[in-house]
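Q: Protein sequence lines, in the order shown, are assigned to chains A, B, C and D. Once you know that position 292 of the first sequence is 292 in our numbering, the rest is easy, because the numbers rise by one and skip nothing. Start counting at 1 in the second sequence, then tack on 323, and there's your number in our numbering. Start counting at 1 in the third sequence, then tack on 646, and there's your number in our numbering. Start counting at 1 in the fourth sequence, then tack on 969, and there's your number in our numbering.
Just so you know, these hints were derived from the structure itself, not from any lab. Don't take every hint at face value.
No more than 16 Å apart at the CA atoms, straight line, and that leaves these computed lysine to aspartate or glutamate pairs for EDC-like [unchecked claim]:
| # | chain 1 | residue 1 | chain 2 | residue 2 |
| --- | --- | --- | --- | --- |
| 1 | D | Lys1277 | D | Glu1167 |
| 2 | A | Lys216 | A | Glu319 |
| 3 | C | Lys809 | A | Asp104 |
| 4 | B | Lys486 | D | Asp1073 |
| 5 | D | Lys1132 | B | Glu485 |
Every value quoted in this text rests on a predicted model; they were computed, and no experiment measured them.
Protein chains: 4
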Amino acid sequence: AGSKRRNIWLDCDVGVDDAQALMLALSAPEVELVGVSAVHGNVGVTQVGRNIGRILTLCGRPEVPFFLGADEPLVAPSMDASYFHGEDGLGDRPDAFPPYSDVDLQSEPGHAAMHLAAAAQEHEGELTVVATGPLTNIALAAKVDEGFPQRVGRLIVMGGAEKEGNVTPTAEYNFHCDPESAHVVFRKFREVLLVSWECTLRHTLPAPWVAAWLAKPTAKARFMAAVMAKSLAYEQQRDAALEEGGDPAGGWNACDALAALLAVCNEALLEAEPRHCTVELQGANTRGMSVLQRPSAALPANTLLARKVCMQQYQRAMEAATD
Amino acid sequence: AGSKRRNIWLDCDVGVDDAQALMLALSAPEVELVGVSAVHGNVGVTQVGRNIGRILTLCGRPEVPFFLGADEPLVAPSMDASYFHGEDGLGDRPDAFPPYSDVDLQSEPGHAAMHLAAAAQEHEGELTVVATGPLTNIALAAKVDEGFPQRVGRLIVMGGAEKEGNVTPTAEYNFHCDPESAHVVFRKFREVLLVSWECTLRHTLPAPWVAAWLAKPTAKARFMAAVMAKSLAYEQQRDAALEEGGDPAGGWNACDALAALLAVCNEALLEAEPRHCTVELQGANTRGMSVLQRPSAALPANTLLARKVCMQQYQRAMEAATD
Amino acid sequence: AGSKRRNIWLDCDVGVDDAQALMLALSAPEVELVGVSAVHGNVGVTQVGRNIGRILTLCGRPEVPFFLGADEPLVAPSMDASYFHGEDGLGDRPDAFPPYSDVDLQSEPGHAAMHLAAAAQEHEGELTVVATGPLTNIALAAKVDEGFPQRVGRLIVMGGAEKEGNVTPTAEYNFHCDPESAHVVFRKFREVLLVSWECTLRHTLPAPWVAAWLAKPTAKARFMAAVMAKSLAYEQQRDAALEEGGDPAGGWNACDALAALLAVCNEALLEAEPRHCTVELQGANTRGMSVLQRPSAALPANTLLARKVCMQQYQRAMEAATD
Amino acid sequence: AGSKRRNIWLDCDVGVDDAQALMLALSAPEVELVGVSAVHGNVGVTQVGRNIGRILTLCGRPEVPFFLGADEPLVAPSMDASYFHGEDGLGDRPDAFPPYSDVDLQSEPGHAAMHLAAAAQEHEGELTVVATGPLTNIALAAKVDEGFPQRVGRLIVMGGAEKEGNVTPTAEYNFHCDPESAHVVFRKFREVLLVSWECTLRHTLPAPWVAAWLAKPTAKARFMAAVMAKSLAYEQQRDAALEEGGDPAGGWNACDALAALLAVCNEALLEAEPRHCTVELQGANTRGMSVLQRPSAALPANTLLARKVCMQQYQRAMEAATD
Ligand SMILES: [Ca+2]
Ligand SMILES: [Ca+2]
Ligand SMILES: [Ca+2]
Ligand SMILES: [Ca+2]
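Use the sequences and the hints to build the structure in full.
A: Have a look at this one:
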């Protein structure tokens, strides 16, 4: 029955692994992708919108509505991070099929935060929100609609670091981009399912699997191979330079897709632990740090920290994403 | 011709002097009060809404639309300041005419920030926004509609301190309540007309004038006398305790009404100076401080600091407010 | 030959485990304890001095010079932490042998930081400094004698946390007590051998071993049993209350003694890793945090992070301490 | 009788106006200059020491002992400010009489902070300390000798801003150079006589007076004319560029000499007000700000803020300095 379909909203800053998250969600059975929203991050929000339109075109899903949201953090000015994902966020292969010139899809008018808040009203208690970029849109939705945090059924966030950041010694990229929004989210939501930077490092897709995945004779696999080329080359270079850390055999950490998996397939979450999380706003070395503590009476759990995800289900879902 | 009327929006946290600001705006000739929005501050936003409804009832202006906005600061948790304005924000005289029980007016649905952004679209370049509470609604309107700051014709803010705060050594109440929103406003708007705490101290309404004003045989004057009683008593007690500072003969600083005057009567502004203003977010003693500098190439003017206001026009407008 | 003896200075805030560190150093062969200095921390500096005198009396070593140092942090006001170690820092057993009333030893005149700097001049390049309290004295020695950091042969510090603090979510006690001093130390010294909070947790002395150790028929063991009673009871209660973490069978983490072991017996250090360390001075949740990073060209190693210590040598040295 | 002589210690970062302060103190009747200490600031501490030796040579006072102190702030790394006072701190006229090559005087061994603390012990309650540079030496003396703040008879500090800084919007140079030391000083001393940046601006030596002063046919006046040339040219250029502020006719603000005057001639202080002062350590715009408040029970006065100084006595003392 249609009523059993899972309603999902994806808020993202596409971004290669956001693209993978979106393709995973589009291919998942029994999932209704209620909306997709763009947020600043890897690239500016306008480009994120173009990238969302391109993925929807690639996947033949023009009916999925998408929206532009915040083009800068809640309080601080923007940072720039185009070095990693390329200038267009998708590996700078504008010609790869579907080329930008073939993409007609347009974002809907109105700020994404308003549409997200409206969707949570329409699907009260039944909407899973997956956030794979800076949390500005989520925080804004909570600020312009105070009932929003309670109405969202589940909030799954890719972000934060348990011990060591990937941008600063203590801060992960998404939280570092907009610490105030991350702070607001953990203050307003009763429970965030958190897929941390370290969690994604523990769930690397092995290099041979990735090679086979990209070699599939499908349009989606060809597209993925094109947009990942730059990132893969960068990572190989970095791995060669590093003494330690990471899978020595390489592989791919599809951070955002791992979060999307938990939205479409709850059973894939094998282990998780309750935590209290707050996001540090100050400090010469600690702005944007996710401060995680074991819950106490004074600081009750507001976070479920994902520990272990089923690699079989993950790989199966990733397979489906490019079929 | 109606098209010459000045379009004004008042965002306030009523509050006795916000009530005076609203009554001043309602009584001003050639003014179209496009909307009134409530923000947290002196009391919670729901109570602010009730107070707006009560003033509109008192003034026989049920057609003016009003809206509820933010009930807490943009990022940090709320502070409480009910000690000064009384528990209901209007001197705790719920029985005074019109008693709360006689007020039927309801706020319009939807968040005030959205309605404010829509009003700025409708009256592009022709809307004067007066903000007499914490700047949360203004900041949110700028965040959910990036064109908002450019569309607003004028923004007049009561807030900030030039040298010494009234809540902390460095911070004025409205900015101290929500430093992040104030920070955002000065980062996004090209020019804020700022009525600082010290500016209001330089424009005290003399005690004899106030006494005569409250003694007028009108419903509005009687209401004002009732709701000001608590604050006047508090101030007299404080003045007696202070060694120095303030008008020795007492008097009343209607901070918010002074800002409203500049909205309805531009010519009342006799002197003002350009400044660069930013709002400090950190510091053991300086969070919420308005950091004012003479403009430079690196830090161009974003603020017009009100220096001198015409007391005749101020008193005339205040007279009209309670006629 | 006497010239081969290892010259050691112990800076401590006695404290039960500081007492164990001092007794360990006093009993170590081939060690010349050049001086002992007192710093604020578990108790005030005057009481720390009394406790040092008591231990020297217990161990029959009245010739060892000791000095009083800082009674408060470098910049901030003092904190209090008497809850754990008891009001006198040694488990509140003033009557246990040797009772305070029998202790005649007096600290030498002059600030400990000056004496420490002088000792480093006398034993240039040959002095090992062990710091088991807040780092105020060490920082002050570096400030009043700019050559001090280079003259010290080795600096071993018990302090800092690799992932989770024991006072705040991010800060360990010694660093939390005086973040500015810890910051200065890591800025001025080329290499600090750091025994972190987690390192001490990985080197718990097993409960049965502790029981046997305390049951020895010696004056030193009897003293130790008396002064540890309160802490052991507190820890048992806490362990019972905790869901997880720590050795389920209990045991004792003699944090400061572990650092002292590495001073007297270099070979006991089995594994260590170079790091860059800086100490965060700000943050709502991060003040006093030891920010550890893998070294880079921009941030070269200034820290050797102790990973693994030989438990046999540790237990043997602890045995000797109470023989 | 010699016992009536006023004992003065000058701590300075010479610096043209520090040189004026030193010359003023050397020429004052009934003053015993107990010691002079060098602190980092306008130039490095070694160069400050050379400059002190040069001034003592110029004034024929080789018997006055001087000492080198801190070469960097208490906690943070150094800043550089050689742009204003020239690379050698004295206008880069190494050849002017007496040239550096003729200066034989050497600083005494040992850190200035120790000597200062010893002097306060020797002259307990009778020593006036004048600090005209960053407060690092003063703070260190208070840290290595906890009785120091009580033993000092008077502490006169040139530093801090009442409203607007001269380095940042909120911070004056000396406090900005070492906020932590300034913070410590106001926390430890019962009363600091503070000569703020604004106070020095209110006591400008008029341009004609300065011209006559520099034209005197004395060696000291010739030296002064030489070392001031660069600063005077810089200030004329700046005044021409400024729209407003400062004496339109120019003139000279001998900030440090004004503080020295109050040490040698107590009656020159015509007006002063008690304040509570603390120094902000954080903030994007406020680090190093002197936060001044009217005293209260919670925050009692620790500062006497100089308001008005006798210009006649000031000019007379300055005359004597170059006679
Ligand atoms: Ca992303
Ligand atoms: Ca108000
Ligand atoms: Ca200790
Ligand atoms: Ca100076």
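Q: Of the hints stated earlier, which fail here?
A: As far as the earlier hints go, 3 and 4 are violated by this structure, in ascending order.
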